[in-house]
Each structure stands twice: as structure tokens, then as C-alpha cells.
Amino acid sequence: MSWLSLLAFFLEEALVNLRRHKLVTIATVTTIAVTIGVWMLFYLEARAWEKLLIWEGQKLEQLYVFLKPEANEKDAKKLIEQVQKLPQIVHVKFVHKDEGLKKLQQMFGNSVPLKDLVGHNPLPHVLEVRCRSPQEASKCSAKIKQMPMVDEVTFPAVAVRRYVQLVDSIRWRNHVLSILLAIIAFILIFNALRISVYGRRNEIKIMQFVGATVWTVRGPLLMEGLLYGVLGALGTLVLAKLLLALSELLSQEPAYWSGLLGGWIKWQVLLRDVQIDVVFASQVLLLSVGLSFLSAFIATIRLIKAE
Numbered sequence: 019m020s021w022l023s024l025l026a027f028f029l030e031e032a033l034v035n036l037r038r039h040k041l042v043t044i045a046t047v048t049t050i051a052v053t054i055g056v057w058m059l060f061y062l063e064a065r066a067w068e069k070l071l072i073w074e075g076q077k078l079e080q081l082y083v084f085l086k087p088e089a090n091e092k093d094a095k096k097l098i099e100q101v102q103k104l105p106q107i108v109h110v111k112f113v114h115k116d117e118g119l120k121k122l123q124q125m126f127g128n129s130v131p132l133k134d135l136v137g138h139n140p141l142p143h144v145l146e147v148r149c150r151s152p153q154e155a156s157k158c159s160a161k162i163k164q165m166p167m168v169d170e171v172t173f174p175a176v177a178v179r180r181y182v183q184l185v186d187s188i189r190w191r192n193h194v195l196s197i198l199l200a201i202i203a204f205i206l207i208f209n210a211l212r213i214s215v216y217g218r219r220n221e222i223k224i225m226q227f228v229g230a231t232v233w234t235v236r237g238p239l240l241m242e243g244l245l246y247g248v249l250g251a252l253g254t255l256v257l258a259k260l261l262l263a264l265s266e267l268l269s270q271e272p273a274y275w276s277g278l279l280g281g282w283i284k285w286q287v288l289l290r291d292v293q294i295d296v297v298f299a300s301q302v303l304l305l306s307v308g309l310s311f312l313s314a315f316i317a318t319i320r321l322i323k324a325e
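For the sequence shown, the numbering used here begins at 19 and goes up steadily by one.
Rather than coming from a laboratory, the hints here were simulated on the basis of the structure.
A portion of the hints provided could be inaccurate.
[Claimed, not checked] DEER-style ranges, computed between Cβ atoms:
1) 201 to 102: 47 to 57 Å
2) 45 to 24: 47 to 57 Å
3) 260 to 319: 28 to 38 Å
[Stated by the list, open to error] With a straight-line cut-off of 20 Å between C-alpha atoms, the simulated EDC-like cross-links for lysine to aspartate or glutamate are:
4) 86 to 99
5) 40 to 30
6) 115 to 88
7) 121 to 91
8) 86 to 30
9) 96 to 31
10) 86 to 146
11) 86 to 117
12) 120 to 154
13) 223 to 31
14) 86 to 116
15) 163 to 93
We put the CB at the ideal spot given by N, CA and C, even for glycine.
Please construct the entire structure, taking both the sequences and the accompanying hints into account.
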């Protein structure tokens with residue numbers, strides 16, 4: 019028997035099993051489609067959060083380096099050269115103490131008795147330092163504090179720690195939920211294949227009796243798992259198309275929908291980056307077929323033993 023005829027036999031047997039157990043097939047394909055769809059939503063949500071946190075995190079990348087009171091502009095220039103040598107630094111700006119005094123006056127107006135400060139400015143020179151990321155702000159702060167003529171370095175340490183924790187928690191939550199969904203999909207595929215094995219138990223015994231190899235017996239089940247993945251991918255694409263259409267419908271936000279969805283997170287925002295093109299379809303197909311085929315491979319080894 020040639021490879022083509024063997025594959026044709028596998029495909030025919032798999033299609034028969036899918037039609038024979040329609041309810042199980044629908045439940046399994048739906049679960050795979052939902053699993054891949056939720057994975058995509060998790061990915062889009064993580065991207066949306068990362069964009070937001072990157073935008074907000076830029077405010078946490080700033081360090082304020084206060085020079086000692088006796089430091090002059092020449093000392094500040096030397097310090098700038100030292101700070102710029104750090105690989106984590108993106109930009110350094112020198113703020114003269116007179117400029118700082120003007121900003122203070124603009125901020126507080128007449129509530130600060132600036133007339134008393136004429137001829138004597140108690141503010142130090144300041145360097146505004148921007149790091150590459152909030153995670154590196156604390157490292158840069160520790161290094162800059164050790165440099166000469168530096169009196170104090172301030173940055174929102176609590177906010178930076180909270181920023182890092184929030185990013186990590188979002189990633190971990192998505193990983194855990196994705197694993198749970200994959201386990202659920204695996205259980206359904208395993209049970210679907212077990213039902214197929216039970217329905218074909220007489221055929222399997224006959225094939226084994228006449229000397230068929232174990233992989234010839236397992237072939238139809240592997241093909242069945244592969245078809246689950248293909249159908250699941252098609253279901254995911256249909257689901258994504260429906261969500262995009264619904265998102266466009268709700269984007270106008272009429273009064274009824276605004277009242278109904280007022281307390282919800284605007285999930286439509288997550289779908290703005292979705293384009294159902296060849297790349298998106300291939301990614302969905304790869305994930306779906308990979309999940310279903312791996313589940314089928316493990317199930318067939320467990321259910322059909324070599325004799």
C-alpha cells in the first residue's frame with residue numbers, strides 16, 4: 019500500500035468517525051475554536067496593556083539628580099559627561115537653579131515669598147535623566163548617587179515597582195489561563211478519540227489480528243485529531259470575523275448599547291489591531307492544528323498499545 023492510498027484510508031476513516039459522533043465533534047471543535055480565540059484575545063490584551071504601560075511608564079523613567087549646593091555649572095557639565103556614559107541612559111537635561119526658581123514661581127505664584135530670595139537662590143542645579151525603561155531607573159539611581167557632586171537622586175520607586183509587578187501579573191495570569199484552556203481542549207480531544215476507539219474496537223482488533231502495524235491502526239485517530247484542528251481554526255476565524263463585525267457595529271455606541279455596556283471594559287479596543295489576513299489565518303491554523311495534533315498523538319499512544 020502506497021503512502022497516498024494509506025493517507026486516503028486515514029482520511030476516510032477519520033471523516034466517518036467525525037460524522038458518526040456529531041455531538042462530540044461539535045463540542046470538541048467548538049472548544050478548540052474558543053481556546054484559540056481566547057489565546058488571541060489574551061495576546062491582544064497583553065499588547066494593549068503593554069502599550070498603555072509603556073506610555074505611562076515613560077513617566078517613571080525620569081530621574082531627578084540634585085547637585086550639591088556648592089556645585090557650579092562646570093561641575094554639572096562634568097557630571098553630565100559621566101552620566102551619559104551609562105548604557106541605561108537615553109537623555110540628560112541640565113536645569114539651571116535659576117530656571118528651577120522660575121518654575122517654582124510659576125507653580126506656586128504669590129504663595130512663595132520670592133522677594134525674600136532676591137540675591138540668594140537656595141535651589142541646586144538639577145539634572146533630568148531619562149532611562150531606557152522603568153525597570154532600569156533604580157539601577158541608574160544607585161550608580162548616579164555614587165558620583166561626585168551628587169547630593170540626592172529621586173524617582174518614583176514605589177510606582178516603578180508597581181509598574182513591574184503589574185506587567186508580570188498580566189503575563190502570568192494569561193499564561194495560567196492559557197494552560198488551563200489547553201488542558202480542557204486536550205481532555206475533550208482525548209475523550210473524543212476514546213469514543214472513536216470504542217466505536218471501532220472490532221475493526222481495530224481485526225486489523226491487529228491480520229498484522230497491521232500499530233501506526234496503521236493509530237493513523238485514522240491522528241488524522242481525526244488533525245481534522246479537529248483544521249475545523250477549530252476555521253471556527254476561530256469565523257468567531258474573529260463576527261467579533262470584528264460586532265465591534266464595528268458597537269463603535270458608534272448608540273444610547274441603548276452605551277447603557278448596556280457602560281460598566282464593561284471596552285473590549286472593542288483589543289480588536290483594533292486584528293486583521294484577518296494570510297498571516298493571521300496561518301497563525302491560527304498553526305496553533306489549532308498543533309494543539310489538536312499533539313493531543314491526538316498523546317491520546318493514541320495511551321489508547322492503542324502495540325501488541
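Evaluation of the provided hints:
1. Under the hint 47 to 57 Å, the C-beta atoms of residue 201 and residue 102, about 51 Å apart, fit the expected range.
2. Hint check: residue 45 to residue 24, Cβ distance near 29 Å, so the stated range 47 to 57 Å is violated.
3. Range check, residue 260 to residue 319: Cβ separation about 37 Å, and the 28 to 38 Å hint holds.
4. With a CA separation close to 17 Å, the supplied pair residue 86 and residue 99 stays within the 20 Å bound.
5. As the CA atoms of residue 40 and residue 30 are separated by approximately 16 Å, the hinted pair is consistent with the 20 Å bound.
6. Restraint check for residue 115 and residue 88: satisfied, since their Cα atoms lie roughly 12 Å apart, inside the 20 Å limit.
7. As the CA atoms of residue 121 and residue 91 are separated by approximately 19 Å, the hinted pair is consistent with the 20 Å bound.
8. Only pairs whose Cα atoms come within 20 Å are accepted, and residue 86 paired with residue 30 is rejected, the gap being roughly 83 Å.
9. Taken as a hint, the residue 96 and residue 31 pair is broken in the structure, with Cα atoms around 79 Å apart against an allowance of 20 Å.
10. Pair hint residue 86 plus residue 146 holds up; C-alpha atoms about 15 Å apart against a cutoff of 20 Å.
11. Taken as a hint, the residue 86 and residue 117 pair is honoured in the structure, with Cα atoms around 17 Å apart against an allowance of 20 Å.
12. Taking the CA atoms of residue 120 and residue 154, the gap is near 31 Å; set against the 20 Å cutoff, the hint is violated.
13. In summary, the hint linking residue 223 to residue 31 is supported, as the alpha carbons are separated by about 15 Å, within the 20 Å threshold.
14. For the proposed pair residue 86 and residue 116, the alpha carbon gap of about 15 Å is at most 20 Å, so the pair holds.
15. In summary, the hint linking residue 163 to residue 93 is supported, as the alpha carbons are separated by about 15 Å, within the 20 Å threshold.
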